[in-house]
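Hints are included, so try docking the two chains, each in its own frame, into the full complex.
So the chains spell out like this:
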Amino acid sequence: METKEYTISMLVEDKAGVLNRVASLFRRRNFNIKSLAVGGSEQPSLSRMTVVVAADPAQVEQVRKQLDKLINVVKVSDITDADIVARELALIKVAATSSSRSGIIQIVDIFRANIVDVAADSVTVEVTGDEDKVNSLLELLRGFGIKEVVRTGRVALTRGGASSKKNPKH
Amino acid sequence: MKKTGAQILCESLIKEGVEVIFGILGGAILPVYDAFTQYPQLRHILVRHEQGAVHAADGYARATHKVGACIATSGPGAANLVTGIANAYMDSSPLIAITGQVARPFIGKDAFQETDITGITLPITKHNYLVYSASELAMVVKEAFYIARTGRQGPVLIDIPRDVQQEEVEFIYPDKVDLPGYKPVVQGHPAQIRKAAKLVNGAERPLIIAGRGIIMSQAYAELKELAEKAQIPVVNTLLGISSFPQNHVLSFDMLGMHGMAYANMAVQAADLIIAIGMRFDDRATAITDKFAPEARIIHIDIDPAEIGKNVRVDVPIVGDVKNVLGVLNNEITVKEHAEWLSTLNKWQREHPSLLIRESSELLPQYIVRQIYEATQGDATVVTGVGQNQMWAAQYFTFIKPNSFISSGGLGTMGFELPAAMGVKVGRPDEMVWCVAGDGGFQMTIQELATIAVENIAVKIAIINNGYLGMVRQWQELFYGHRYVDTRLWNPDFVKIAEAYEIPAIKVRHRDEVSPAICKAMDYDGPFLVDFIVEPEENVYPMVPPGKSLSEIIELPKPKRVPKAKPKILARS
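Quick note, the sequences are listed as chains A and B, same order.
When you number the first sequence by our numbering, it's gap-free, plus one each residue, and the end is 170.
When you number the second sequence by our numbering, it's gap-free, plus one each residue, and the end is 742.
Heads up, a few of these hints could be off.
For the chain A half of the interface with chain B, some residues (derived, Cβ under 8 Å), not all of them [to be verified]: (1) 13; (2) 20; (3) 24; (4) 28; (5) 58; (6) 61; (7) 62; (8) 65; (9) 71.
Sample of chain A residues at the chain B side, in silico, Cβ under 7 Å [said to hold, decoys possible]: (10) 66; (11) 69; (12) 72; (13) 74.
No wet-lab data here; the hints were simulated from the structure.
Glycine included, C-beta positions come from ideal geometry on N, C-alpha and C.
Next comes chain B alone, as it looks inside the complex (with noise of 0.2 Å):
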């Protein structure tokens, strides 16, 4: 039977299992969204900005791991996606973005609403598609599905001209692919493994660096085996929290620029660094020359080009994390490593790099760790980037699998209320919370609307300390207190909440922190709670840029003055 462009794809949609679709339509996509009047079981979620759509497509893929889809029109509909797009790409999360294009007939003309989006997104997608005639777009959609699902996974956009979507051919879905160039390993190879094995059995200070590979893969009964079995270690990347329940006795938290001080210590003591779905980023890493220096390195990724990337490495397996831990668990002995663990222990100990100060100021550590408390760690954080981020991946307890969710590598303010709002819709019956800085959170706050209209239940907790944090404490340290255009005159956030009708309530005291969050729990739907905090308060324990992960920074500097007055937009 002959079906229309916007027909197959929705049907190809529907048997790649896709129920949620986040978007906003236009001119060039009209006829799909015409058509998702005949498909119920299609869910369309309209956002009030195509950013929103891909960052809540992301979120709910990391959330659910399966493939998130969103749609836009061509032109600027298209445009507006690419920081989303880019976002998963650094991540490695599985989506689809559908773009409405011009007509064939008008491309390369310049038409209105045309852009190149499929050579404006090559680096930054897997794989992407023009597809020029109806007939090829169940293939194209089979094909796009198979590869941003996997090896490593990733975004992959398809791109259909509107005069594609109104085409009608004969429709029969593939059942397979046929992509003679790609082929993703998935077994590690067995000599490696027995190499990796030896070099795990014969370690005196063996400690795990555990990626968002983990949990990407399942992996972790297989994580939680290796470490168990051998008593190794286990260290985090920022995407790997919540890979290892933090509340382990072998779980010595996060490393990196913000890590804890003992993690970062055990990196660069220890003689054996096994690295597992994780790719050396700078900000896990600092500078590599001077990373983990006493220690071989095996590193396990199903990436082949990550492989020697940035680190030297004595053992790569290139492998799905689950399989290959599966079979390197049966080549690992049991051991003790008693001693190295009671140093790992002293230096938490001394070190304990958790410590909220006294203030007579709210502080955002105390917040975090109360939406802890109140959750006891049944809940899944989401941020976007920035102090708000660290702190949240500092304070909070992760103790569910995959209950972080945050934007790692690209590093995107305005990531965490959409991504909040396509976990929550991944997972209706978890408590969601999106833990925002008042700079990140005013990217993508027209998605209040969307939250609010299709009532999504997130919490909201806004770390409002009125500036962009981050680089506001990067100024304070590295440009000599010069606070230029950090300073963020704000509008008041709950007045904001209550003309979008969610609830909201601001609050500056400690003690009124935990009955705020209580309340937000407490309530059935989405609510929002604008934290006033300490303005200036920074992020510790820090490793300053072109230092090595030994050259950090504990405690706070005692304050000093600002020199010069810093640069307010006043509104009074």
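Bound-form chain A, shown alone (with noise of 0.2 Å):
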């Protein structure tokens, strides 16, 4: 079957050990993760983790109800086909010079990404978007020169007013 990415979005329990316990999980059942991104929800007592699993139907599957079934995980939804919102933020660091500065900064206002930090030899920029923007972006950096950079993985949530679909019960 046809491998490709998938986005899972779950709800966890805030509590110590949970990241460990999802973590787990994928290494125990050999799932390649892509990347997972967690952070606070809208209840203080959940987190909401997006997990990017590369993947064919019929593992994903396995995936969502593996992870339904660890008791601190509330919520686990597949919404790589729902009606999404997709980002990821990026730090990119680039050697700077004087004379090549007001390149990159023309590439930055073009990407309508931001300029966090400036030194003497190097700039570090900061754009969200989806993978491909940041792609793009620093397929264009590249050439000033990456000293660094740090991405957060892929965040989502759906559109609308419509929360993350209920998982469909056998």
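Shown next as structure tokens:
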């Protein structure tokens, strides 16, 4: 079966060890994590995790069900085919001289990214968008010399009033 | 009123219905043991190794349908539980493992006898807890028991630092749990059940595969009603043995790698498989892409993650088997399936699978058969893993519900003796036979002391072939007869038993078998029989690894002389 990237959104209890339980499950069942982002949600006791997995349809079904079995996982949704807003944030430290700096600023403006730090020999760019946008910006900045990059991985929410749809139960 | 963590633990265990707890103590769990003196209604059975404690709790749980309990100290004590917890997890056995942990200030400092047992057992428990405060303890115990005994049952571990056991807090036992992420589905979806009923009513060659889920939800009557109403033949998985009486005309025994030829033929010819409370383990299905090629599959299981995990399923129904069958049976029409049943009966006549060959040597199959004859099926048979397990599964006719207790998923040598101990503690009035191999027996042999001291009247049959028999069988069949280190030099088990003050006899000949079994059963207390059997007897039928259920080897090939001399640790 064909492998593609799936976006899984999860609400998990904000307790010690929960990230470990999720990560351990992926390792133990040999599921391939492309990215995992975790942070607060709209409810104080719950965190939201967004996991991107490379899998075939049967595997992603298993991923979802196995995650759902974890006691601390409150809700799991495969939102790959849902109408979603998906973003990631990257910080890119680019080598910059007085002559190259204006070229970098031009590119950053086109991408509606921000320069968040300027030093004598570098600038740090903050960009938010989908993976393609981040990749394109990285590609264009490569010529200037990229010193360091950090990416958050994908975070996603479904659009509009509907919350991440509940799993279909058998 | 304020109580210590240790007292809170004991009172919570009692509130959850625990009567017996198997364990062995050490420094980090001492406050709990100290509190045991105040709670005489909690019977503590001191084992000789923590693996014995957890297998005993597992056996007890399987025999009683209650949650088993075991307890150990931190570090090595906790680590010694691991095999047994993994075993319980694989076979969905509900148990609570309690471990002591080093005191809170020492956690993470590599303190004496510290080990990260919650980290270690993460993938082999249904859930686990490290309790950081005595005020959490009552709720943790409440949740742990709820999780262990509901949904797909399983082991839960509670790790309690020594100073939490000593900490004094107000004790109020909660009356309910709040687990927003845990909502097991027990009622089957009505639309799915209707779909399933339609398939059953339209099938010409339906077959039920009954698994351990039937036993766990005690759905014996519902299974029987389904089978009888629509005249559907029943085969069972290894752990599904004793979910359906084998003396029933619709029973066609065990399927799988060492299943009956006719059972496997039935699977391969069926046009509808009704898989109930089973998980399509590879030992049951053989290779899955040639499993039941002509059949549509209805899969009833309480665990949604089992649906579609190993085989494609046409109609999944998630729910408790007893509930689902209760509804399904109302929608099934009365049927005959005379032609299908007569085909199966013909196959059973033509491929008997269970003949015991003529031999001057003592054959293991004969021993199992004689235990059946002596008990008339009124006994619980407990096994570990290997040839002894398969012969017990094949040659005993299981009639009583839940009368076969065995290590299925993990296949644990050494399960048999402590598990039998737990079974007997849970069913004191029942005849319990532990069928062990000489290899597995020695992995937990130290529990003979527990059995002797507590006078736990299990009857132990050692099928002693001087080999790690099943592994030797694979070496013979698939590794060119190279018996690398499967030959065992054994001590005299009769003398060992006698050293533990357990009466024992050795049997070498066929005519001694029945008297020995009767003697063991007549004796009021534990008894061991060391059966010295034909060393190189193989388990048949057999589906070789990597083959389909259709490619079963029914009869043994003529024995050839091994090319290489077996390596023997000689001691004359």
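Each hint, compared with the structure:
1. Annotation: residue 13 of chain A was flagged as interfacial toward chain B, and the flag holds, the nearest CB pair being 6 Å apart, inside 8 Å.
2. Using the Cβ-Cβ criterion of 8 Å, the hint placing residue 20 of chain A at the interface with chain B is satisfied: the shortest such distance is roughly 7 Å.
3. With a least beta-carbon distance of about 5 Å to chain B, the hint placing residue 24 of chain A at the interface is held under the 8 Å criterion.
4. Interface restraint check: residue 28 of chain A against chain B, minimum CB-CB distance 5 Å, threshold 8 Å, status holds.
5. Among the interface hints, the one on residue 58 of chain A holds; its C-beta lies about 7 Å from the nearest C-beta in chain B, closer than the 8 Å criterion.
6. Interface restraint check: residue 61 of chain A against chain B, minimum CB-CB distance 6 Å, threshold 8 Å, status holds.
7. With its C-beta approaching chain B no nearer than about 6 Å, residue 62 of chain A sits inside the 8 Å limit, and its interface hint holds.
8. The criterion of a C-beta within 8 Å of any C-beta in chain B is met by residue 65 of chain A, whose closest approach is roughly 4 Å, and the hint holds.
9. Proximity of residue 71 of chain A to chain B holds as hinted, the smallest CB-CB distance being about 5 Å (cut-off 8 Å).
10. Below 7 Å, beta-carbon pairs count as interface contacts, and residue 66 of chain A has one with chain B at about 5 Å; its hint therefore holds.
11. The closest approach between the C-beta of residue 69 of chain A and any C-beta of chain B is roughly 6 Å, which is under the 7 Å cut-off, so the hint is satisfied.
12. With a least beta-carbon distance of about 6 Å to chain B, the hint placing residue 72 of chain A at the interface is held under the 7 Å criterion.
13. With a cut of 7 Å, the hint placing residue 74 of chain A at the interface with chain B holds, because the nearest CB-to-CB distance is about 4 Å.
Taken one by one, the earlier hints all hold for this structure without exception.
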